[in-house]
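**Student:** Generate coordinates for the entire structure from the input sequences, incorporating the hints supplied.
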Amino acid sequence: GNSVTQMEGPVTLSEEAFLTINCTYTATGYPSLFWYVQYPGEGLQLLLKATKADDKGSNKGFEATYRKETTSFHLEKGSVQVSDSAVYFCALSPRGNEKLTFGTGTRLTIIP
Amino acid sequence: GAVVSQHPSWVICKSGTSVKIECRSLDFQATTMFWYRQFPKQSLMLMATSNEGSKATYEQGVEKDKFLINHASLTLSTLTVTSAHPEDSSFYICSARVWDLGDTQYFGPGTRLTVL
Numbered sequence: 032g033n034s035v036t037q038m039e040g041p042v043t044l045s046e047e048a049f050l051t052i053n054c055t056y057t058a059t060g061y062p063s064l065f066w067y068v069q070y071p072g073e074g075l076q077l078l079l080k081a082t083k084a085d086d087k088g089s090n091k092g093f094e095a096t097y098r099k100e101t102t103s104f105h106l107e108k109g110s111v112q113v114s115d116s117a118v119y120f121c122a123l124s125p126r127g128n129e130k131l132t133f134g135t136g137t138r139l140t141i142i143p
Numbered sequence: 003g004a005v006v007s008q009h010p011s012w013v014i015c016k017s018g019t020s021v022k023i024e025c026r027s028l029d030f031q032a033t034t035m036f037w038y039r040q041f042p043k044q045s046l047m048l049m050a051t052s053n054e055g056s057k058a059t060y061e062q063g064v065e066k067d068k069f070l071i072n073h074a075s076l077t078l079s080t081l082t083v084t085s086a087h088p089e090d091s092s093f094y095i096c097s098a099r100v101w102d103l104g105d106t107q108y109f110g111p112g113t114r115l116t117v118l
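These protein sequences, in sequence, are chains G and V.
Residues in the first sequence are numbered from 32 upward in steps of one, following this note's numbering.
Residues in the second sequence are numbered from 3 upward in steps of one, following this note's numbering.
Treat the hints as calculated values from the structure; they're not laboratory data.
Wrong hints could be hidden among the right ones.
To be verified - Using 27 Å as the maximum straight-line C-alpha spacing, the simulated DSS-like pairs for lysine-lysine come out as follows:
#1 Lys91/G - Lys43/V
#2 Lys130/G - Lys66/V
#3 Lys108/G - Lys43/V
#4 Lys130/G - Lys57/V
#5 Lys99/G - Lys83/G
**Tutor:** Dropping the structure here:
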């Protein structure tokens with residue numbers, strides 16, 4: 032079956048530090064890959080996505096590249112801000128299938 | 003745009019009672035809505051997929067008679083937890099999708115259910 036494994040948290044960084052949250056997946060075929068973010072008290076929001084190998088999704092300074100050879104979709108940001116504190120979820124949906132499979136989420140806290 | 007609301011945001015009920023949770027798409031018509039359950043420090047688990055005007059499709063292991071889903075209109079889906087027990091206590095999240103917005107799901111803020 033499909034599965035997503037992501038870096039366990041919590042992760043605490045200082046402001047302006049470099050961020051990487053690892054995500055690897057298991058799926059047949061060529062799934063679409065997503066990063067969702069959940070800010071305190073809010074619903075999940077789509078942060079970025081990639082639909083085919085070597086695609087790079089980017090938004091709000093965050094980036095992730097679809098690496099089929101390593102089945103990975105690691106989330107990166109060059110300089111984090113306090114406002115980036117949230118829970119980040121990696122997810123996939125199989126090609127032609129709208130169901131999402133989520134990772135366990137990584138809580139990120141940025142300290143000033 | 004693409005806002006999804008849930009009501010209530012939290013509910014506490016006694017064991018044996020039923021609880022209804024509403025999921026509304028506020029500014030778009032959702033042809034498909036999804037219901038998820040999230041346990042503390044765990045991932046979201048898809049419970050069921052509902053399409054407007056048809057019966058919901060439940061994931062394996064989810065009791066359809068326990069978790070009743072009604073998607074009566076393009077902007078409203080409801081999840082009713084029947085004869086709730088403490089083990090049903092969880093965070094329930096809905097999402098909505100519409101074809102002309104691509105394959106993105108828009109999530110509600112979730113409902114915290116506590117069964118005493």
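**Student:** Now, for every hint given, state plainly whether the structure supports it.
**Tutor:** Consistency of the hints with the structure:
| no. | hint | verdict |
| --- | --- | --- |
| 1 | Lys91/G - Lys43/V | 26 Å, holds |
| 2 | Lys130/G - Lys66/V | 18 Å, holds |
| 3 | Lys108/G - Lys43/V | 24 Å, holds |
| 4 | Lys130/G - Lys57/V | 17 Å, holds |
| 5 | Lys99/G - Lys83/G | 9 Å, holds |
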